[in-house]
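Below, each chain spelled out in residue letters.
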Amino acid sequence: MSTLEILFYALSAFAIVSAIMVLVSKNPIHSVLWLILVFFAISGHYILLNAQFLAIVNIIVYAGAIMVLFLFVIMLMNVKKDSEPQKQLLVKFTGVIAGGSFLTLLIALVKQTSQLQGKQVLLKEGTIGLIHPLGKALFSDYVLPFEISSVLFLSAMVGAVIIGKK
Amino acid sequence: MPILYYIYLCLTLFSIGVVGVLTRRNAIIVFMCIELMLNAVNLLLVAFSKMYHGAAYLNSPTTTVGIDAQIFVFFIMVVAAAEVSVGLAIIVMMYRNTHSVDINFLNRLKN
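Residue numbers (the numbering used here), protein chains in the order written: chain A, 1 to 166; chain B, 167 to 277.
Treat each hint with caution, since some may be false.
Interface residues of chain A toward chain B, partial, derived using beta-carbon atoms under 7 Å [claimed, not checked]:
{"hint": "1", "residue": "His45"}
{"hint": "2", "residue": "Ala51"}
{"hint": "3", "residue": "Leu69"}
{"hint": "4", "residue": "Lys124"}
{"hint": "5", "residue": "Ser149"}
Here are some chain B residues pointing at chain A (derived, C-beta under 10 Å) [unchecked claim]:
{"hint": "6", "residue": "Pro227"}
{"hint": "7", "residue": "Ala235"}
{"hint": "8", "residue": "Ile237"}
Simulated from the structure, these hints should not be mistaken for lab results. Backbone N, C-alpha and C define an ideal beta-carbon position, used for all residues, glycine too.
Put together the whole structure using the sequences plus the hints.
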């Protein structure tokens, strides 16, 4: 087994275990910390795929900004642990069954698609994940969506302020 | 690495997010599970972009096939950041009105 495969399996197991811990943690702050670990595992996957720009952006934007926002809101509300009543067991059981059937269905569907069989993902090589080609594409072909996204940010900011003020 | 392994990983992460949305009642954790689902989709997009890039990379090493998917991932992150700011503002407002973040209190539109 090569180093890349070992890294892939380790990062995948890390991501899945952390994602499950997000669900089973009683304290919301622990959930946030586990979710940050999931994002770091996904960033490791990006580095493995040589998508360096997205790896850095994922850490800065998700783990750095969005999760800190979640932490702020949780600490602002002072919800130490959510006191969910005991009648939840049926809901939990139903949810796990529904999610498991969803997963089984999708895996069974993917398994029998003939177009995906034997296709390989290029690991560690390739130049499209680097900043230079991405910047060129972003400022030539995708410059209009890029500018529109700034308007989106402005409207989101105004909306958040207006919702938070009243 | 076969693309199927990446698909299985991303489907698992997505399903964990779906289970979280269905079972948890804390609105913040439901929101975090949505972020988890978004990230699973992002990872799958990058994996597919590297799949197509790898096929074209053998013929010419300077090709930029598959760069669109990474731009899409970038824009998904942009939209997710905007969405989180508005969503958390809504959750804060809901907490101010009901003094709880339990989503079962949000049933006023039902009647």
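The hints, checked one at a time:
no. : hint   : verdict
1   : His45  : 6 Å, holds
2   : Ala51  : 5 Å, holds
3   : Leu69  : 6 Å, holds
4   : Lys124 : 10 Å, violated
5   : Ser149 : 5 Å, holds
6   : Pro227 : 8 Å, holds
7   : Ala235 : 9 Å, holds
8   : Ile237 : 5 Å, holds
In summary, the one numbered hint that this structure violates is 4.
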